[in-house]
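Trainee: For the protein sequence lines, the chains are F and S, in the order given. Anchor point for the first sequence: position 83 equals 83 in my numbering, and the numbering is continuous, going up by one each time. Anchor point for the second sequence: position 4 equals 112 in my numbering, and the numbering is continuous, going up by one each time.
Hints in this document: simulated from the structure, not taken from any laboratory. Treat the hints with care, as some may be off.
[Said to hold, decoys possible] Result set (SDA-like, lysine to any residue): computed pairs, CA atoms no more than 20 angstroms apart in a straight line:
1. F/Lys69 / F/Thr21
2. F/Lys3 / S/Gly150
3. F/Lys3 / S/Gly148
4. S/Lys122 / S/Asp171
5. F/Lys3 / S/Gln145
6. S/Lys165 / F/Phe98
7. F/Lys3 / S/Ser166
8. S/Lys186 / S/Ser113
9. S/Lys119 / F/Ser41
10. F/Lys107 / F/Leu80
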Amino acid sequence: LAKTTQPISMDSYEGQEVNITCSHNNIATNDYITWYQQFPSQGPRFIIQGYKTKVTNEVASLFIPADRKSSTLSLPRVSLSDTAVYYCLPLAGNMLTFGGGTRLMVKP
Amino acid sequence: GAGVSQSPRYKVAKRGQDVALRCDPISGHVSLFWYQQALGQGPEFLTYFQNEAQLDKSGLPSDRFFAERPEGSVSTLKIQRTQQEDSAVYLCASSLRRSGGADEQFFGPGTRLTVL
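If we strip away everything but chain F, and leave its shape as in the complex, we get:
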């Protein structure tokens, strides 16, 4: 399984763009890169997924360079409600392997 490394925590302010980078040096050819968000006392929630280049949805953008050894989750104009833990997971098949995630704190 690909091992991921991401910052333990990040601070930001309302209205700023937040970029969280995850490294996954030994990602497999058929792994997708998936990001989940988890609020306190809730289960994780899918945010975005991609294989290469750039993916954008209504919540976030995901940038994946050509070598796929890292990925960057971009959250535009964060609000206080974006305070959560964000997990990067290379995914093949079904099993999700969560690391420690990045604890994002958005301040007013």
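Given chain F's structure and the hints, the job is docking chain S onto it.
Mentor: Frame of chain F, contents of chain S only:
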């Protein structure tokens, strides 16, 4: 229902008791997963069902842990002779399709188990 539901939301057990945790997946979802999340950690995979078949139980920490999904919908995670180290949040997730491919998993709110 609109999402995955789990019951009870909170469970306190005395060491040595047996507990049963229930998961109601999204209707029609083929795959069902159980995860264990210790305080301050990411969720860890326990077991996976495709319909009623348990295809992977490699994450179950001991033979005290048992999961079933007899009719391919509701699932129960049972822990026998609970120990303090079993205290954690137990998360259930379901996804629409069979194994293979990167399918989105929908998580329930979890059951917080505290073993005294």
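Trainee: Look at each hint and say if it fits the structure.
Mentor: Structure-based check of all given hints:
Simply put, F/Lys69 and F/Thr21 have alpha-carbon atoms about 11 angstroms apart, close enough for the 20 angstroms limit, and the pair holds. With a CA separation close to 14 angstroms, the supplied pair F/Lys3 and S/Gly150 stays within the 20 angstroms bound. With a CA separation close to 19 angstroms, the supplied pair F/Lys3 and S/Gly148 stays within the 20 angstroms bound. A C-alpha spacing of about 19 angstroms is found between S/Lys122 and S/Asp171, which places the hinted pair at or below 20 angstroms, so the restraint holds.
Simply put, F/Lys3 and S/Gln145 have alpha-carbon atoms about 18 angstroms apart, close enough for the 20 angstroms limit, and the pair holds. Pair hint S/Lys165 plus F/Phe98 holds up; C-alpha atoms about 17 angstroms apart against a cutoff of 20 angstroms. The suggested pairing of F/Lys3 with S/Ser166 holds, with an alpha-carbon distance near 18 angstroms, which does not exceed 20 angstroms. Under the criterion of a C-alpha separation no larger than 20 angstroms, the hint pairing S/Lys186 with S/Ser113 is consistent with the structure, at around 17 angstroms.
Between S/Lys119 and F/Ser41 the CA atoms are separated by roughly 14 angstroms; this keeps the pair inside 20 angstroms, and the hint holds. Pair hint F/Lys107 plus F/Leu80 holds up; C-alpha atoms about 6 angstroms apart against a cutoff of 20 angstroms.
Every hint from the earlier list agrees with this structure, and none is contradicted.
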